[in-house]
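Sequence lines, in order, name chains A, B, C and D.
So the first sequence is numbered by the numbering used here: it starts at 32 and just counts up by one.
So the second sequence is numbered by the numbering used here: it starts at 32 and just counts up by one.
So the third sequence is numbered by the numbering used here: it starts at 32 and just counts up by one.
So the fourth sequence is numbered by the numbering used here: it starts at 32 and just counts up by one.
Calculated directly from the structure, the hints in this document are not laboratory data.
Relax, there's no trap hidden among the hints.
Because identical chains share one entry, a pair is satisfied inside a single copy or across any pair of copies.
Only pairs whose alpha carbons sit at most 30 Å apart, straight line, appear in this in silico DSSO-like list of lysine-lysine:
{"#": "1", "residue 1": "371", "residue 2": "201"}
{"#": "2", "residue 1": "56", "residue 2": "102"}
{"#": "3", "residue 1": "403", "residue 2": "296"}
4 protein chains.
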Amino acid sequence: MSKLSQKPLSQNSLTQASPVSERFKHVRATSRELGAPLSDADATVQSMPDASPAKWHLAHTTWFFETMVLKPNLPGYEVFDESFNYLFNSYYETIGERQPRPMRGMITRPHLDTIYAYRDHVDAAVETLLDRGASPTVAELVELGCHHEQQHQELLLTDILHLFAQSPLKPAYRDPQPLGVGAEPGEARFVSFDGGIVEIGHDGEGFAFDSEGPRHRALLEPYRLADRLVTNGEFIAFIEDGGYRDPLLWLSAGWADILANKWDKPFYWSKRDGEWWTMTLRGAQPVDRDAPVTHLSYFEADAFATWAGKRLPSEFEWENAAAGLSMDGNFAGSGRLRPKPAGPSSDGTLRQMFGDVWEWTRSPFSPYPRFKPVEGAVGEYNGKFMCGQFVLRGGSCVTPEGHIRATYRNFFPPDARWQFSGLRLAEDA
Amino acid sequence: MSKLSQKPLSQNSLTQASPVSERFKHVRATSRELGAPLSDADATVQSMPDASPAKWHLAHTTWFFETMVLKPNLPGYEVFDESFNYLFNSYYETIGERQPRPMRGMITRPHLDTIYAYRDHVDAAVETLLDRGASPTVAELVELGCHHEQQHQELLLTDILHLFAQSPLKPAYRDPQPLGVGAEPGEARFVSFDGGIVEIGHDGEGFAFDSEGPRHRALLEPYRLADRLVTNGEFIAFIEDGGYRDPLLWLSAGWADILANKWDKPFYWSKRDGEWWTMTLRGAQPVDRDAPVTHLSYFEADAFATWAGKRLPSEFEWENAAAGLSMDGNFAGSGRLRPKPAGPSSDGTLRQMFGDVWEWTRSPFSPYPRFKPVEGAVGEYNGKFMCGQFVLRGGSCVTPEGHIRATYRNFFPPDARWQFSGLRLAEDA
Amino acid sequence: MSKLSQKPLSQNSLTQASPVSERFKHVRATSRELGAPLSDADATVQSMPDASPAKWHLAHTTWFFETMVLKPNLPGYEVFDESFNYLFNSYYETIGERQPRPMRGMITRPHLDTIYAYRDHVDAAVETLLDRGASPTVAELVELGCHHEQQHQELLLTDILHLFAQSPLKPAYRDPQPLGVGAEPGEARFVSFDGGIVEIGHDGEGFAFDSEGPRHRALLEPYRLADRLVTNGEFIAFIEDGGYRDPLLWLSAGWADILANKWDKPFYWSKRDGEWWTMTLRGAQPVDRDAPVTHLSYFEADAFATWAGKRLPSEFEWENAAAGLSMDGNFAGSGRLRPKPAGPSSDGTLRQMFGDVWEWTRSPFSPYPRFKPVEGAVGEYNGKFMCGQFVLRGGSCVTPEGHIRATYRNFFPPDARWQFSGLRLAEDA
Amino acid sequence: MSKLSQKPLSQNSLTQASPVSERFKHVRATSRELGAPLSDADATVQSMPDASPAKWHLAHTTWFFETMVLKPNLPGYEVFDESFNYLFNSYYETIGERQPRPMRGMITRPHLDTIYAYRDHVDAAVETLLDRGASPTVAELVELGCHHEQQHQELLLTDILHLFAQSPLKPAYRDPQPLGVGAEPGEARFVSFDGGIVEIGHDGEGFAFDSEGPRHRALLEPYRLADRLVTNGEFIAFIEDGGYRDPLLWLSAGWADILANKWDKPFYWSKRDGEWWTMTLRGAQPVDRDAPVTHLSYFEADAFATWAGKRLPSEFEWENAAAGLSMDGNFAGSGRLRPKPAGPSSDGTLRQMFGDVWEWTRSPFSPYPRFKPVEGAVGEYNGKFMCGQFVLRGGSCVTPEGHIRATYRNFFPPDARWQFSGLRLAEDA
Ligand SMILES: [Fe+3]
Ligand SMILES: [Fe+3]
Ligand SMILES: [Fe+3]
Ligand SMILES: [Fe+3]
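This is chain A alone, in the form it adopts within the complex:
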């Protein structure tokens, strides 16, 4: 299952600079732009149970505003279509029955145009509500809805990539671009950190999901982090050295996956006439050796690190290093939609901490000390996914700008490969 799409959401407080109504308009418009290249059929098909149709993402995020914001807070609001509560509820048990997840691709009707009309209907109502001067509760819920929608924007892109990869025509979501020819990123250098007692988790200023808190102390041993992500070129060396054929490099469960599924390269890769190609949102493209490797499972990230004589960082090591760094990076808004080479390092500081690819950490997704689920539908199942998953940090090239934080905890099962997931090496100091 896709876990991101099932993450329950909550909010500690609202202190973003921009007024919530501007933020709302921006987020909603962005989703519409993401849908623009898609036909009704593109937006309807579900390519695997873990993925959802684009139409569903566009409708479900709208349903969220309708259900959580409008129904309880806008007197006289008229529901767009009563059947949508069944069709577009994701997993909220208290809200009622819903279309089974693996059957989301059966919804050929309503037409995508109707979903856009649904969006317009809800947008107008939310704007009416906000124009009246939103209460803090409403503002918080709208803020929450915006962050929720941004999560689904990323999923819409990863899920469309998966769909298009199943077609022999390998259609491009956006027109191909020439690959920039840049300087090689050079050898990774390792940056040292002292460890000790550090503060981890969100401090309550601005929005965060509930699993990012409570902020608490953690004890770290001294450690070192690579100053850039692992590249495709480095991963090709792993492949050529027989990395996929040596059981000693792999976790037991990962080796079972290799045997069962015949994994011998990253997801979406194929070889044509001796050259590595990969499926991207810009169609099939040659693999760029200087760019970060992506679409790796946890097992592949871990095996690569073992092969390299290093290890994956813990999520606390990563967060401690990221705290205070600028959150610039290669995000969805750049329109590149592929990871970008790091370029040469001038000063030995950490690069690519945000954007490009989600970084697998060695940390299982577990609750922080004193974590407590919040009450009500919004926080219905706060801890329910804290089993069998690993934390990823830092966002990717399909994460919306402004959606990421140093404390942000993404999570997927160790065999998930269709997200933009890669790795950064770490070691004990």
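Dock chains B, C and D with the ligands against the given chain A, drawing on the hints supplied.
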């Protein structure tokens, strides 16, 4: 797997009254009409591995003409799109690689409009070819292509019904109609046949598929056939008598299906407030007790017959009784798209032999004596489906007019339920 | 599921020469001898769901006498152990709940010695009953129990072979023997038959299972049968010619099995240093090129016949040819426990029709005209396996002497390989 | 897979009081005693892929001494049987091919008596080696072999329980005993701990497995632990309150298991005439309400804690509380072989920390800081199971005396239920 869509085709001779070009135009126009109620998304989604998208049916039948008729016979013919040979080949090994069957629903592109343009392109070329005065070989191939397309017309309808049944909205393929209120069909009467040595199989006059021949002698014991199909009302009596809970009524493999899948009613049925409803091509509708029961597996048909103290007919018993009867009936062209009550019998003759529902026979699908596969791609795998399937006879309410014959052998595995399949009782005389 | 072990039994009359009590003693002693080489552990383990432990076969056949003969007919009979009715009932729904088939290997207790004590207890009671002068009903039931036990004797041997084949030690059920060096069997010759209307099925004189009747007329076209079985040497030629790699030779369902299970040789075969070896009841042995090929699925038998330009016979063709032939052959009593080369033909008559290997026919297992299940537990489910199986004829090298008949119909699903199953070629005349 | 049986082993040093040869004799004799109630068949059958036959446990532990101790260190040692290296290697890739784990139950030969002879042969050789005055290396390897064998002693008991539970006869491994009637344990009281920086992990004095180290500092928030284990009576209250039917209490993956497997009570429980019964090593027995609940999955332990308004402890919280406590408890040597009621508390100290049932912690099984796999076959795959499992602490009623430590980390996947696994509640202070 859907077997109908995989049936190889051949042709003995061509003696239909209408010139082949008229027949071609008619069949091609009919497919276009069948597609008219469908959106691009409706036509793209594959609801299960056994079903194919409407877009695929519309394109594959066109590919058949392009590949079998135009490429070898129309000099200078320009292929519409080279990639379609991969996308729309069904299972012809000698013609090359193809999109795996369970992945037919991933083809969101080309758009349905492009498939219609493809149809226009091929239609024009075939008409050009025929206008030049077709050789007998070409005429035979076009005739074959027309029969092939008619098979896919039926599948298009059964597959769309399956797709729409997966949606909680239960969309109607065509607008609902009021159910006619007619006279009750009355008790079934049994018509007696003497048996003896009879001739079975197609005699070579006019078109037939290869498995319908060679015509040969068969020996029948005296037998009796019901003068009408089993009705929904009769099947409800079976249900209410605990038919789905008594292992003694069932074949061992059918009982295993009941336990594994919790079958307790015909496919597409559900109960609302104590009333039986069923999904149809005209949306969800109350079950009509006087109409023939349909969407039964072989196991259910056989269990019903055992419960009724009767048995299913053999395919030879059926064919012997059907020979010489008029082929009138409730077919796709009537637009009813549902089985129709028999009405009261006046004279004790067989009714509903053609149309309404395919009739399960007790005969496994096996080769006739001296059957030999034909040479070449057209007859590539003639006997390859003769294992694990049972023969059905007589056509259904979604079979195109003029497509059925007394010798026509349809076949499906015993657990298939999404076709319009029902039964007629038989007994030893 | 193993179907043989589930075959319900019935009996038409009793006209065997030997008194039933002698027959009973002989059959019961034979089972005991078959168990002699087995340890308690050998007799307890179930190697796959289709196979049963030897302990179960030895107990179930005893339970059959206890339940069907003693309980209803011997006043004062004391049941050996009440729990055995649950443990050793195979599938009789009317007799009650039972140990699920795939869990038969969990019965480590009672010990095999207890099962032998159970056998002694029941044997003594049956002999007491017979000594009192058995009524015809009792005699018929004992006769039925003897035939039932003979079926399980064959299964005990095929199931032990399967178990021992799973061990890397490849233990021998009986000591290895030197392979006889004989004359080569020479090319198969084809014997012609006229066809026409023939009588098929058991005539009611002596014992037969219910599916062997009623005797009825059938119409056969002229045909020809090979005068011997297909040999290992001929099958090696098929392998070497790429038979397992050519989809055009295979039924569609068989080709799917090849792809899914990577079949590329008969069951139990392996290659050591370029030589073919096979597992046998006498341990791992080199493949004897002159001996009949065995442990083939229906799919492999059919593909071989297609490759050879021939076909499999129908069961009626086989029975018509076998009628009146002597039933001599290589059966279990010979102790050879492997198929035997035919030796050179002197006179062009049919050889190896009985014993050696069961011969796959092209006939699905279907009821004969006017077949009716008998009443009561004994005939509880007479037709329930008549779906998805093919008929085999003639018995094998592990069939007990005196158990086979020209009318005997064995049946297995087309993918079954652990029985001694092979083929004889046929063609249209 | 059973993970315990796959745990690689290592050793830091050897400072146990008793000489290693005495320890060796004691451990080896204990295994022999554990095998005594078992027949050859009992010891041969594998009841599920996660379990191993007793014969295999008895042979594999012997193979470990033969392979790791004797072959490299006793010149002239004669291997008992060359085939045993294939049969009884568990998972050591560097040592070679082995019998696939799910096929361990196919080894009906050698007989159990031969395995005992194998044990005698190896015991004599090890004693010879030790009599000569063992080098520290040899002494360490023998010590390691003893701890390895103790792990398999526990597995032998849990696996035999699983096997006997599959039989409708519910055989008793040891004779049933009357349940003691004691005082009720009374309400659980919670003991407070301050938290802060604590030392976790093994300090290198005496034997430990490698995953218990390195010893390192950890930071704990203040917390409280229940002074006894959760009882059957408390778990019955959870059941009666609908605990198995409320999705809000469950982890998402656990709820999926409930739906798929219809879990509604602890493993091995059943209801007879309104009373709860459970399978035990002393046969089927009534559930003792005062005794600790056992055979729970992680999901059930977690759901119970959520229902109770508490949580599971982390493994560090548990270890911090256990450090310095006496390791007395109800272990295998007591012969009770069932968890034991706590009895009334007099002083509010922690009870049942060792023995009775393994206590699920909320901690995923992860490497400690600076953990490094050791070199060579013994430590071949040290971290390979650190994915998808949770840590359990404290040992159980089938753990051998002297095998447990406060630092001991057991681990199983969250759906494992056939071990003696239960829980102790915790909460934030
Ligand atoms: Fe969502
Ligand atoms: Fe077709
Ligand atoms: Fe039987
Ligand atoms: Fe071990």
